[in-house]
Each structure stands twice: as C-alpha cells, then as structure tokens.
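Trainee: One line per chain: the protein sequences are F and B, in this order.
Heads up: the first sequence begins at 77 in this note's numbering, then just goes up one per residue.
Heads up: the second sequence begins at 118 in this note's numbering, then just goes up one per residue.
Honestly, the hints are just simulated from the structure, not real lab data.
Take the hints with a grain of salt, since some may be wrong.
Residues on chain B that point at chain F, a partial pick, calculated with CB under 8 Å [to be verified]: (1) G206; (2) Y248; (3) R268; (4) E345; (5) D384; (6) V387.
Every residue gets a Cβ at the ideal spot worked out from N, C-alpha and C, and that includes glycine.
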Amino acid sequence: MTTPPATPPATAGPTFPPGTFSPRPGGGSPGRMLAAQAGTEMRLALRNGEQVLLTLLIPVVLLVGLSTVDVVPLPEPRIAAVAPGVLALAVMSTAFTGQAIALGFDRRYGVVRRLAATALPRWLLVAGRLAAVLGVVALQMVLLGGLAAGLGWRPEPAGLGWALLLVVLGCAAFGALGILLGGTLRAEIVLAVANLVWFLLLVGGGIAIPLDRLPGPLAAAGAVLPSGALAEGLRETLTTGAVPDPGPVLVLLGWTVVAAAVAVRAVRLR
Amino acid sequence: MSSSPPAVSVRGLVKRYGRTTAVDGLDLDLAAGQVLALLGPNGAGKTTTVEVCEGFVTADAGEVRVLGVDPAGAPDTLRARIGVMPQGGGAYPGVRAAEMLRLVAACSAHPLDVGWLSAVLGLDSCARTPYKRLSGGQQQRLALACAVVGRPELVFLDEPTAGMDPQGRRLVWELIGALRRDGVAVLLTTHLMEEAEELADQVVIVDHGRVVAQGSPVALTATTEQQELRFRARAGMDVAGLAAALPAGYGADEPIAGRYVVRGRIDPGVLSTITGWCAEQGALADDVQVARRSLEDVFLELTGRELRS
C-alpha cells in the first residue's frame with residue numbers, strides 16, 4: 077500500500093507569527109547543559125562503529141584471547157593478569173584514542189566553536205566531554221568486568237574501591253592527553269598518532285604484557301607511562317586488595333597535571 | 118538599564134595576523150533592533166570583525182562593545198544573550214540534525230520549540246541524517262536554527278545564505294525580516310548585494326579591513342545625479358569623444374567590448390545626443406537601458422573588479 081504524499085505546508089498565515097522571536101535570552105542551567113552535552117557525546121560514541129570496535133570489541137577479543145590462549149607467557153590464573161590490563165586498555169581506548177580522534181574531527185566540523193558560541197562556558201565544554209568519557213568507561217567496566225567474571229576472574233573485593241579510584245585517575249590522565257592531542261593537531265594526524273600510540277602502549281606499555289615480563293629498559297619506561305601505571309596499579313590492588321602504591325598514583329597525577337597545563341594553552345577551538 | 122545600549126559599537130578596531138592586517142581601524146554601529154549588512158569581497162575583514170564581536174578573536178586595538186558588554190572580557194555573559202551562525206555552520210560529524218538543535222536549545226533558558234523550528238526550516242526530512250551527510254543548504258538551515266533557537270537579543274549571521282537554493286534563500290530572508298519585526302538586532306555578512314538591499318537598514322561596505330562606504334541601501338544607491346544608461350553597439354568606438362559630446366560632468370565607458378555605459382542624469386536631451394553620436398559613428402545603439410545604480414555597482418566601484426582569493 078502506498079501512503080499519500082505529505083500535505084504541503086499551509087500557505088495561509090505567516091511562517092513566523094509576530095512575537096515568535098521576541099527576545100528572551102539567558103543561559104540554560106549548568107546541570108541541564110552538562111547532561112545535554114555529555115548525553116549527546118556518549119550517544120555519538122556508542123553509535124560510531126570504529127569507536128565501538130576500539131572501546132568494546134577489541135577489549136573483549138583480547139580478554140577472551142589472552143586469558144584462554146597461551147600467546148603471552150603469564151602466571152596462572154591467566155585471567156588475573158589479563159583482566160586488569162584489559163580494563164586499563166578500555167580506559168585508554170575511550171579517554172585517549174577515542175576522545176582525541178573525536179575531538180580532532182569535531183574541531184574540523186566546527187562543533188567546538190559552535191558550542192562555545194552558546195551559553196556553555198568553557199569549563200562546562202570540557203566537563204561535558206569528560207562526563208561522556210566517564211559514562212562510556214562505566215559501561216565498559218560493567219561489561220568487561222562481567223565478562224571477566226564469567227571467565228573465572230575473582231578480584232579481591234577490598235581492591236575494588238581502589239581500582240575505581242585508579243580508573244578515575246586514568247581517565248583524567250588519558251583524557252587530558254587525548255584533549256591535548258585532539259585539540260592541537262589536524263584531524264588526520266590525530267587519527268594516525270592516536271591509533272599508533274594506542275598500539276604501542278598496548279604491546280609495550282604494560283597493558284597486554286605485565287611490566288615484569290618485559291625487557292628491563294622497557295619495563296622501566298612502562299612504569300612511568302600512564303598505561304603501565306594504570307595497568308600495574310590495577311593488577312596489584314585487584315589481586316591483593318592492598319592500597320595502591322604511591323608510584324602509579326603519582327605517575328597518573330603527574331601526566332594529568334602536565335597534559336592539562338599544556339592543553340589549557342595549546343588547544344584550539346578549530 | 119533604562120535605555121538599551123547599541124547592539125554593536127566598534128571604534129577603531131585593528132586585528133593583525135602576522136604581517137597581514139585583517140582589520141585596519143574599522144568603526145561600526147548597529148542600533149538595537151536593526152539589521153546591518155557587512156558587505157565586502159573575500160578577505161575584506163568581515164568574518165574577523167564578526168569574530169571579534171563574538172569574543173572569539175581578541176582585537177589588537179580599538180574598542181568593542183556588544184550589548185554594552187566587552188566581548189573579550191566577558192564572553193560567557195555575552196554569549197547567553199546572542200545567537201551565532203558561524204561561517205560554514207558547525208556540528209558533530211555524526212550528530213543528527215534534530216539532536217544538534219536540541220543540544221543547542223538546552224543551552225538557553227527559554228528556547229523556541231525545537232520541533233516547530235525544525236519543521237519551518239525544512240529540517241524534518243533530514244532529522245535523522247548525520248550532519249556530515251546533509252547537503253550544504255541543509256547544514257546552513259541547521260546552523261541558522263541553532264543561531265535563533267535561544268531567543269537572543271542580537272544575532273550574528275556569517276554568510277547565512279551561502280550555498281542555499283533560491284527557496285532556501287527566500288525563507289532565510291523571511292526569517293531575518295521576522296527577527297527584525299520582533300525587535301532582534303541582526304548583523305549579517307554577505308557577498309550578495311540583493312540580500313543586503315532587501316534586508317538591511319544599514320549597509321557597511323568594507324575592503325582591506327576598512328569601511329569604504331556606509332548608509333542605508335537607498336542612500337548608497339541614491340539616484341540624484343547618479344543614473345546611468347547602458348547600450349550595445351559596435352565595439353571600439355571612441356568613448357572620450359562620446360564624453361566630449363555630452364554636457365560637462367558626464368562619463369562614458371566601454372567596460373566590456375561592445376557594451377557602453379554613460380553615467381550622469383539621463384534625460385531625453387542626453388539620450389538624443391547619445392543616439393545621434395552613435396549614428397555619426399555609423400553605429401546603431403541597441404538594447405538601450407536606463408537604470409539607477411545598483412548596490413552592486415556601488416560595491417564594484419569601491420572595491421574594484423579584480424578577483425580576490
């Protein structure tokens with residue numbers, strides 16, 4: 077059955093009745109603006125195929141693959157070393173790589189300028205992006221943590237709260253680096269650099285392979301990288317339940333402070 | 118405040134990028150509730166001027182007040198009161214048109230009805246299309262919707278009809294007319310003389326970062342002594358001879374081979390002098406037209422005819 081064509085718009089009466097645009101200016105409430113921006117960006121991240129590949133599919137494949145196939149030498153139970161690394165990977169994928177690429181193209185398409193031209197103050201513009209990152213990371217933690225539990229992972233309950241703190245610190249460090257990268261370079265270059273760094277840190281930065289299994293110099297370098305700090309911090313606290321060492325915490329804080337300080341000066345709206 | 122300050126007041130604005138001076142001592146006044154068209158060739162400094170007024174670019178010199186506010190000093194205060202349509206729009210590449218408009222609407226306290234605005238601007242058919250796949254005209258209409266949805270006091274429109282079809286352009290003109298009627302001040306930039314003539318209370322022609330002329334469209338194209346007559350005839354006739362045959366103060370020109378222009382007040386006596394002179398040259402004046410100057414003529418006279426990058 078064919079539907080009749082839509083009725084053409086009525087031609088009687090003005091398109092814009094008098095008083096339609098009578099000024100009534102004013103900014104939205106900060107809470108509403110934050111929710112609207114973070115909600116939009118989170119939906120966009122979950123709708124974008126390449127982002128989902130990066131933030132969910134690859135971590136799932138690595139979680140299952142590394143814990144069941146003996147490609148990397150790991151102590152038993154393998155899942156105890158793999159799961160915290162995959163959670164760190166999830167944080168890096170969303171807060172750094174996904175965020176940098178999205179920001180690079182958002183600038184290209186003028187959306188950062190577009191939003192800055194509304195009543196959204198600059199701090200909310202950044203807060204909205206970070207809230208969207210936290211939302212996606214929360215989803216990743218639930219899905220990947222649940223899958224790991226299904227694969228036999230039994231983290232130390234006392235470490236869960238500390239792990240959450242490390243994840244938030246990891247989001248801050250990787251998020252600041254992602255904003256710095258995505259906010260300063262051309263979109264195509266951001267795409268290349270963000271993916272390359274992601275791959276290098278995955279393999280040699282303490283995520284897929286624990287630092288103590290890496291050659292000495294690489295292990296030493298990995299410990300001061302945000303990837304190594306986050307992955308090792310998570311492995312430690314989720315295995316033993318102990319308070320994280322100051323080392324990883326300080327490394328993550330240091331990257332956050334430095335990247336944020338540079339970003340404040342260097343980031344361009346377009 | 119009892120009396121409203123001018124919507125825009127710019128004095129001696131200077132902006133340099135490296136060695137290039139984009140804006141070079143520009144003055145601008147837009148009264149509350151009026152429409153001002155900033156007209157000029159590419160690279161004249163229109164967009165830079167607008168971006169200074171929006172608080173995105175800081176001036177090197179000069180004083181700028183927008184709704185009484187210093188845009189560089191208090192951009193957040195100002196942006197809650199203005200609407201902005203940046204050149205080329207702006208949205209997330211993957212966002213749907215309706216989603217983007219809802220987001221911008223959420224940033225204002227009393228937005229217009231998003232569904233209604235989408236419908237009148239013809240965005241319903243593409244409400245679920247990602248921004249990067251919208252046509253140029255659809256992107257422009259979305260950008261316009263984003264500029265007015267927050268019910269601002271003042272709207273900046275940077276080339277609002279670029280890339281639009283004639284229907285879209287008419288709709289935008291109607292919308293700008295409605296903004297003015299409802300007391301919203303509008304500062305628009307355009308290349309289109311017709312647009313400036315149709316919409317603006319005040320036209321400011323800029324070139325090389327300076328104001329070269331300003332006034333109402335009628336004043337700028339005032340016909341008093343400035344009429345012109347155009348005709349076609351054999352190419353290469355002696356225009357100096359034609360000018361000499363006319364009373365003092367008249368000018369004659371052959372801008373394109375075989376097309377002649379006579380400037381000055383055109384009366385039957387002048388017309389007969391011209392046709393008589395042509396006959397003496399053994400030529401027939403064809404396609405004779407008397408016209409007042411268009412804004413385009415004024416514009417080209419002031420800014421020259423060579424192409425700008």
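Trainee: Among all the numbered hints in the text so far, which are the ones the structure does not match?
Mentor: The structure conflicts with hints 4, 5, 6, although it agrees with all the remaining ones.
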